[in-house]
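Go by the hints and put chain R onto chain X.
Residues per chain, in single letters:
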Amino acid sequence: MRFSQISVLFKRELSSYFATPIAYVFIVIFLFLSGIFTFYLGNFFALGQADLSTFFTFHPWLYLFLIPALTMRLWAEERKSGSIELLLTLPVTIGEAVVSKFLAAWAFTAIALFLTFPMWITVNYLGEPDNAVIAAGYLGSLLMAGAFLAIGSSISALTKNQVIAFVITVVVCLVFILSGFPMVLDFFSWAPQIIVETISSFSFLTHFYSIIKGVIDLRDIIYFLSLIVFWLFCTAILIEMKKAD
Amino acid sequence: MVNIKNLYKEFGSLMAVDDISFQVNQGEVLGFLGPNGAGKSTTMKMITGFLTPTSGSVSIDGDDIVNDPIKVKQRLGYLPEGAPAYPDMTTMAFLDFIAQIRGFKGRDKSRRIDDTIQRINLDKVVYQSIDTLSKGFKRRVGLAQAILHDPDVLILDEPTDGLDPNQKHEVRNLIQNMAKEKVIILSTHILEEVHAVCNRAIIIANGKIVADGTPTELEAKSDNHNSITISVRAAADQASELRKSLLAVSGVYKLEALSAADSGLLTYQVFPEANRSIIAEISQHIHQQNWEVEEMFVNKGRLDDVFRTITTGV
Numbered sequence: 001m002r003f004s005q006i007s008v009l010f011k012r013e014l015s016s017y018f019a020t021p022i023a024y025v026f027i028v029i030f031l032f033l034s035g036i037f038t039f040y041l042g043n044f045f046a047l048g049q050a051d052l053s054t055f056f057t058f059h060p061w062l063y064l065f066l067i068p069a070l071t072m073r074l075w076a077e078e079r080k081s082g083s084i085e086l087l088l089t090l091p092v093t094i095g096e097a098v099v100s101k102f103l104a105a106w107a108f109t110a111i112a113l114f115l116t117f118p119m120w121i122t123v124n125y126l127g128e129p130d131n132a133v134i135a136a137g138y139l140g141s142l143l144m145a146g147a148f149l150a151i152g153s154s155i156s157a158l159t160k161n162q163v164i165a166f167v168i169t170v171v172v173c174l175v176f177i178l179s180g181f182p183m184v185l186d187f188f189s190w191a192p193q194i195i196v197e198t199i200s201s202f203s204f205l206t207h208f209y210s211i212i213k214g215v216i217d218l219r220d221i222i223y224f225l226s227l228i229v230f231w232l233f234c235t236a237i238l239i240e241m242k243k244a245d
Numbered sequence: 246m247v248n249i250k251n252l253y254k255e256f257g258s259l260m261a262v263d264d265i266s267f268q269v270n271q272g273e274v275l276g277f278l279g280p281n282g283a284g285k286s287t288t289m290k291m292i293t294g295f296l297t298p299t300s301g302s303v304s305i306d307g308d309d310i311v312n313d314p315i316k317v318k319q320r321l322g323y324l325p326e327g328a329p330a331y332p333d334m335t336t337m338a339f340l341d342f343i344a345q346i347r348g349f350k351g352r353d354k355s356r357r358i359d360d361t362i363q364r365i366n367l368d369k370v371v372y373q374s375i376d377t378l379s380k381g382f383k384r385r386v387g388l389a390q391a392i393l394h395d396p397d398v399l400i401l402d403e404p405t406d407g408l409d410p411n412q413k414h415e416v417r418n419l420i421q422n423m424a425k426e427k428v429i430i431l432s433t434h435i436l437e438e439v440h441a442v443c444n445r446a447i448i449i450a451n452g453k454i455v456a457d458g459t460p461t462e463l464e465a466k467s468d469n470h471n472s473i474t475i476s477v478r479a480a481a482d483q484a485s486e487l488r489k490s491l492l493a494v495s496g497v498y499k500l501e502a503l504s505a506a507d508s509g510l511l512t513y514q515v516f517p518e519a520n521r522s523i524i525a526e527i528s529q530h531i532h533q534q535n536w537e538v539e540e541m542f543v544n545k546g547r548l549d550d551v552f553r554t555i556t557t558g559v
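Just so you know, the protein sequences line up as chains X and R, in that order.
Counting in my numbering, the first sequence runs without a single skipped number right up to 245 at its last residue.
Counting in my numbering, the second sequence runs without a single skipped number right up to 559 at its last residue.
The shape of chain X in the complex, shown without the other chains:
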């Protein structure tokens, strides 16, 4: 991994979001929906609590649809247009390309997340929230977004068709969100207890909700980071395998 190559690719990728309407549509919809969820579904005002827990609670569901829309083009588009051939014959490795694309998408999500700062200002204006808990919430949200993005990146590498990439990513992400819930666990009712417990420990929600409560447990952070590494590794392998077709 050479930093110089990653930084050049990263800049190109990130600016490509803003060269098309993707960035603006994504950011507007993200801000709009996170507002709706917080104020209407979450009853932000009625709760009368000076924190952003209602705001963060809905992030997994928001990401479930928005992040696959962001990642579906990541590799599928390169494969469809043939530019992957250009990219991978430049002096860059597959690993560098995978990491740069992921980091650009992650940075873009971070920008969208950062633009929710009026929410944070509002809650500080209205009351006296624990700002450390809110910071933890942002950290947790960003880590979870990273995991969603890495899954999406892998699935985008599997196909040339962006719609297929979108749908499959949504399903896989849903499985990860719900893996602590009966609808997933019931599939494994035949399995020994230890396996069921392992699967339920894979739930995004369990790890995410413990972070947004302000409990920054190293294990939760490692959980998300290792998921990212694992799925990016899969992406690189899939690209190597599938670039011929």
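Rather than coming from a laboratory, the hints here were simulated on the basis of the structure.
One thing to keep in mind: the hints can contain errors.
[Stated by the list, open to error] Away from chain R, derived, C-beta distances all over 12 Å, residues of chain X: (1) Gly42; (2) Ala191; (3) Phe233.
[Unchecked claim] Label-pair restraints from in silico Cβ distances: (4) X/Met241 with R/Lys453: 53 to 63 Å; (5) R/Gln421 with X/Phe65: 30 to 40 Å; (6) X/Asn161 with R/Asn544: 49 to 59 Å; (7) X/Ile121 with R/Asp406: 52 to 62 Å; (8) X/Met1 with R/Asp264: 35 to 45 Å.
Just so it is clear, CB atoms sit at the ideal spot from N, CA and C, and this is done for glycine as well.
Positioned in the frame of chain X, the structure of chain R alone reads:
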């Protein structure tokens, strides 16, 4: 020098490239010919390191593309089939990206970009986004990207496909101007192009090399090569006599009648025995017979014929 040794590529049960070996030296412009699906693009994709060979090796001055991909890719320029680029970037932004990823910085970078824009005549579209460009300009942007770092080895997959005759001419000139100090390998369907730019041609069919030589050498393999077309003013009933007397000329292998005699002309194509020229013998014969000749010329072999004969196995 590019050295390709026993290259194989298998896709499932299909052997797309089946034991291809050749060497290309500096100054050579190698034309890669073959029907669609013969393995041209696959071979090029392996030379540029996009695909990994099932077995065999590709090396540039001893550096292997599989073991040392970054080092080799730095010395390679590649125009993939269809000249893919990033459509939402402007020409300038795209070339700037390529220059950066190729490791150029600051003044050196802008000089390279300006230089390339001049050479390929892209000045008019510098700030236009690539998806709004015409096919010809897109192809030129692809070419610009490939030559920006002045690579030692240039691989061009159908560089003139879809260009109009003027653009083709320009691209060919460009290739010729660079030919001396580079190794250039290009694939094409257009056989006249081989004549125009290549000093060596390889024909591949079903993943194998079936011919390798200069364009002139390949043309000599054609049956038509050095055959003579002759039109003699004579009545139709003289035909068999004429035929017999021509066949008697030393070096003549066979004879084909080309037109009916209703115009009072008998036209034949006279084929020589292998590797012979019979123009002297024929003209002497005509002189002796005192024939009234309307037209006579020597045919050159055509690459088209050779291509068809070799690749269809007729």
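Structure-based check of all given hints:
1. Once the 12 Å rule is applied to beta carbons, X/Gly42 is consistent with being away from chain R; the minimum gap is 37 Å.
2. For X/Ala191, the shortest C-beta to C-beta distance to chain R comes to about 36 Å, beyond the 12 Å cut-off, and the non-interface label holds.
3. At roughly 18 Å from the closest C-beta of chain R, the C-beta of X/Phe233 stays outside 12 Å, upholding its exclusion from the interface.
4. Range check, X/Met241 to R/Lys453: Cβ separation about 27 Å, and the 53 to 63 Å hint is violated.
5. Against the hinted window of 30 to 40 Å, the Cβ-Cβ separation of R/Gln421 and X/Phe65 comes to about 55 Å, which falls outside the hint.
6. At roughly 52 Å, the beta carbons of X/Asn161 and R/Asn544 sit within the given window of 49 to 59 Å.
7. X/Ile121 and R/Asp406 have their C-beta atoms about 57 Å apart, which keeps the hinted 52 to 62 Å range intact.
8. Checked against the hint of 35 to 45 Å, the C-beta distance between X/Met1 and R/Asp264 comes to roughly 36 Å, which is consistent with it.
Violated hints for the displayed structure, listed by number in ascending order: 4 and 5.
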